[in-house]
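FYI, the numbering used here numbers position 8 of the sequence shown as 10, with every residue one higher than the one before it.
Don't take each hint at face value.
[Unchecked claim] Beta-carbon label-pair distances, calculated as ranges:
| hint | residue 1 | residue 2 | range |
| --- | --- | --- | --- |
| 1 | Q114 | K184 | 17 to 23 Å |
| 2 | N80 | S159 | 21 to 27 Å |
| 3 | K81 | D40 | 32 to 38 Å |
| 4 | I44 | A77 | 26 to 32 Å |
Calculated from the structure, these hints are not laboratory results.
Cβ atoms here follow ideal geometry from the backbone N, Cα and C, with glycine treated the same way.
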Amino acid sequence: MTLVSLPVLTGAEFVRKPASADYKDPGTGLIFHPRVHDFEKISVRINPDPRFGTTVAYENEAGTFADIFLYRLSAEQNKPVTKEEFRTHADQTIRNLLLMNKRSTQIKSVKQLKLEHTLPVQAAAAFQITVRDETFLSHLYLWEYKNCIVKVRITYSEQLDSEKNAAMQFIRKILTDTGKLKQQ
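Could you build all of it, start to finish, from the sequences and the hints given here?
In C-alpha coordinates, the structure reads:
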(Lines of atoms letter the chains of each structure in order from A; the text may use other names.)
(Lines give C-alpha, C1' and ligand atoms only; values in the text may rest on other atoms or scores of the structure.)
Protein backbone atom coordinates (compact mmCIF):
# COMPACT_ATOMS: atom_id res chain seq x y z
CA MET A 3 0.00 0.00 0.00
CA THR A 4 1.54 3.32 -1.00
CA LEU A 5 1.05 6.26 1.31
CA VAL A 6 2.04 8.93 -1.16
CA SER A 7 -0.34 11.75 -1.93
CA LEU A 8 -0.05 12.72 -5.58
CA PRO A 9 -1.96 15.45 -7.35
CA VAL A 10 -4.99 14.15 -9.20
CA LEU A 11 -4.06 14.04 -12.87
CA THR A 12 -5.86 12.81 -15.92
CA GLY A 13 -4.12 10.60 -18.45
CA ALA A 14 -3.73 13.55 -20.82
CA GLU A 15 -1.75 15.57 -18.28
CA PHE A 16 1.15 13.20 -17.70
CA VAL A 17 3.26 10.70 -19.60
CA ARG A 18 4.06 7.20 -18.42
CA LYS A 19 7.38 5.56 -19.25
CA PRO A 20 7.99 1.81 -19.12
CA ALA A 21 9.17 0.66 -15.70
CA SER A 22 11.17 -2.19 -17.24
CA ALA A 23 13.64 0.15 -19.00
CA ASP A 24 16.17 2.72 -17.85
CA TYR A 25 14.67 6.18 -17.61
CA LYS A 26 16.93 9.23 -17.94
CA ASP A 27 15.41 12.40 -16.56
CA PRO A 28 16.08 15.16 -19.10
CA GLY A 29 16.23 17.96 -16.51
CA THR A 30 18.73 16.36 -14.15
CA GLY A 31 20.41 13.66 -16.19
CA LEU A 32 19.64 11.14 -13.43
CA ILE A 33 19.18 7.58 -14.67
CA PHE A 34 16.63 5.37 -12.96
CA HIS A 35 17.31 1.69 -13.59
CA PRO A 36 14.64 -1.04 -13.50
CA ARG A 37 16.27 -2.44 -10.33
CA VAL A 38 18.03 -0.74 -7.43
CA HIS A 39 19.29 -3.34 -4.95
CA ASP A 40 16.21 -5.44 -4.21
CA PHE A 41 13.75 -2.76 -5.38
CA GLU A 42 11.98 -3.01 -8.72
CA LYS A 43 10.81 0.08 -10.55
CA ILE A 44 7.02 -0.06 -10.83
CA SER A 45 6.21 3.25 -12.53
CA VAL A 46 7.52 6.45 -14.06
CA ARG A 47 5.10 9.35 -14.40
CA ILE A 48 6.11 12.64 -15.98
CA ASN A 49 3.97 15.74 -15.66
CA PRO A 50 4.78 18.45 -18.23
CA ASP A 51 4.41 21.07 -15.49
CA PRO A 52 7.86 21.23 -13.84
CA ARG A 53 6.24 22.10 -10.50
CA PHE A 54 4.76 18.57 -10.45
CA GLY A 55 7.66 17.00 -12.35
CA THR A 56 8.52 13.34 -12.42
CA THR A 57 7.65 10.55 -10.02
CA VAL A 58 9.60 7.29 -10.09
CA ALA A 59 8.22 4.55 -7.85
CA TYR A 60 10.00 1.41 -6.66
CA GLU A 61 8.86 -1.50 -4.51
CA ASN A 62 10.54 -4.59 -3.13
CA GLU A 63 9.07 -8.04 -2.39
CA ALA A 64 8.56 -7.18 1.29
CA GLY A 65 6.21 -4.34 0.28
CA THR A 66 8.58 -1.46 0.98
CA PHE A 67 7.88 1.51 -1.27
CA ALA A 68 10.43 4.06 -2.40
CA ASP A 69 9.07 7.07 -4.26
CA ILE A 70 11.36 9.61 -5.89
CA PHE A 71 9.99 12.97 -6.91
CA LEU A 72 11.93 15.40 -9.13
CA TYR A 73 10.29 18.80 -9.45
CA ARG A 74 10.88 22.54 -9.45
CA LEU A 75 9.48 25.20 -7.17
CA SER A 76 8.96 27.47 -10.17
CA ALA A 77 7.63 26.96 -13.69
CA GLU A 78 10.89 28.56 -14.89
CA GLN A 79 13.16 25.72 -16.01
CA ASN A 80 16.54 27.01 -14.79
CA LYS A 81 15.55 29.16 -11.82
CA PRO A 82 17.81 28.31 -8.87
CA VAL A 83 16.24 27.38 -5.55
CA THR A 84 17.25 29.78 -2.78
CA LYS A 85 18.04 28.47 0.70
CA GLU A 86 14.98 30.28 2.06
CA GLU A 87 12.69 28.82 -0.63
CA PHE A 88 14.06 25.36 0.02
CA ARG A 89 13.64 25.62 3.81
CA THR A 90 10.08 26.95 3.47
CA HIS A 91 9.22 24.14 1.03
CA ALA A 92 10.80 21.43 3.20
CA ASP A 93 9.00 22.67 6.31
CA GLN A 94 5.67 22.69 4.42
CA THR A 95 6.30 19.19 3.07
CA ILE A 96 6.88 17.87 6.60
CA ARG A 97 3.75 19.68 7.88
CA ASN A 98 1.72 18.16 5.02
CA LEU A 99 2.85 14.66 5.97
CA LEU A 100 1.98 15.28 9.60
CA LEU A 101 -1.55 16.23 8.51
CA MET A 102 -2.16 13.16 6.30
CA ASN A 103 -4.62 11.71 8.80
CA LYS A 104 -6.78 14.84 8.42
CA ARG A 105 -7.09 14.21 4.66
CA SER A 106 -7.65 10.45 4.71
CA THR A 107 -10.11 8.37 6.67
CA GLN A 108 -7.82 5.32 6.34
CA ILE A 109 -4.88 6.96 8.12
CA LYS A 110 -5.46 6.85 11.87
CA SER A 111 -2.37 8.72 13.02
CA VAL A 112 0.91 10.30 11.95
CA LYS A 113 3.70 10.99 14.39
CA GLN A 114 7.09 12.51 13.66
CA LEU A 115 10.00 10.45 14.98
CA LYS A 116 13.62 11.25 15.71
CA LEU A 117 15.91 10.26 12.84
CA GLU A 118 18.34 7.53 13.83
CA HIS A 119 20.99 8.54 11.28
CA THR A 120 22.35 11.52 9.45
CA LEU A 121 22.76 11.71 5.71
CA PRO A 122 24.08 14.56 3.56
CA VAL A 123 20.67 16.00 2.61
CA GLN A 124 19.22 19.45 3.18
CA ALA A 125 16.14 18.18 5.01
CA ALA A 126 15.06 14.85 6.47
CA ALA A 127 12.33 13.51 8.71
CA ALA A 128 10.94 10.19 9.91
CA PHE A 129 7.33 9.34 10.63
CA GLN A 130 5.25 6.59 12.17
CA ILE A 131 2.01 6.23 10.21
CA THR A 132 -0.88 4.03 11.28
CA VAL A 133 -3.17 2.92 8.45
CA ARG A 134 -6.17 0.97 9.67
CA ASP A 135 -4.48 -1.54 12.02
CA GLU A 136 -0.98 -1.56 10.49
CA THR A 137 1.88 0.74 11.42
CA PHE A 138 4.45 1.95 8.92
CA LEU A 139 7.71 3.83 9.21
CA SER A 140 8.34 6.43 6.56
CA HIS A 141 11.55 8.33 5.90
CA LEU A 142 11.58 11.57 3.94
CA TYR A 143 14.70 13.13 2.37
CA LEU A 144 14.87 16.36 0.38
CA TRP A 145 17.72 18.13 -1.37
CA GLU A 146 18.34 20.45 -4.28
CA TYR A 147 20.00 19.04 -7.40
CA LYS A 148 20.51 20.99 -10.64
CA ASN A 149 17.79 23.54 -9.75
CA CYS A 150 15.35 20.72 -8.95
CA ILE A 151 14.05 19.39 -5.68
CA VAL A 152 14.75 15.71 -5.13
CA LYS A 153 12.33 14.22 -2.65
CA VAL A 154 12.65 10.58 -1.65
CA ARG A 155 10.13 8.91 0.58
CA ILE A 156 10.63 5.33 1.71
CA THR A 157 7.85 3.57 3.58
CA TYR A 158 7.88 0.11 5.16
CA SER A 159 5.98 -1.93 7.72
CA GLU A 160 7.12 -1.30 11.28
CA GLN A 161 6.96 -5.07 11.83
CA LEU A 162 9.68 -5.65 9.23
CA ASP A 163 12.72 -4.24 11.00
CA SER A 164 14.98 -5.75 8.32
CA GLU A 165 13.45 -3.34 5.81
CA LYS A 166 15.25 -0.45 7.48
CA ASN A 167 18.49 -1.75 5.93
CA ALA A 168 16.85 -2.10 2.51
CA ALA A 169 15.56 1.47 2.79
CA MET A 170 19.01 2.78 3.75
CA GLN A 171 20.67 0.96 0.83
CA PHE A 172 18.15 2.51 -1.53
CA ILE A 173 18.56 6.08 -0.29
CA ARG A 174 22.36 5.76 -0.30
CA LYS A 175 22.21 4.73 -3.98
CA ILE A 176 20.15 7.80 -4.88
CA LEU A 177 22.46 10.04 -2.83
CA THR A 178 25.47 8.56 -4.63
CA ASP A 179 23.84 9.16 -8.02
CA THR A 180 23.27 12.83 -7.18
CA GLY A 181 26.82 13.29 -5.85
CA LYS A 182 25.77 13.64 -2.20
CA LEU A 183 27.67 10.48 -1.19
CA LYS A 184 30.91 9.07 -2.58
CA GLN A 185 30.72 5.81 -4.52
CA GLN A 186 30.75 2.88 -2.09
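Hints versus structure:
1. Q114 - K184: 17 to 23 Å: violated, 30 Å
2. N80 - S159: 21 to 27 Å: For N80 and S159 the Cβ distance comes to about 41 Å; the hint is violated.
3. K81 - D40: 32 to 38 Å: holds, 37 Å
4. I44 - A77: 26 to 32 Å: Check passed, 28 Å falls within 26 to 32 Å.
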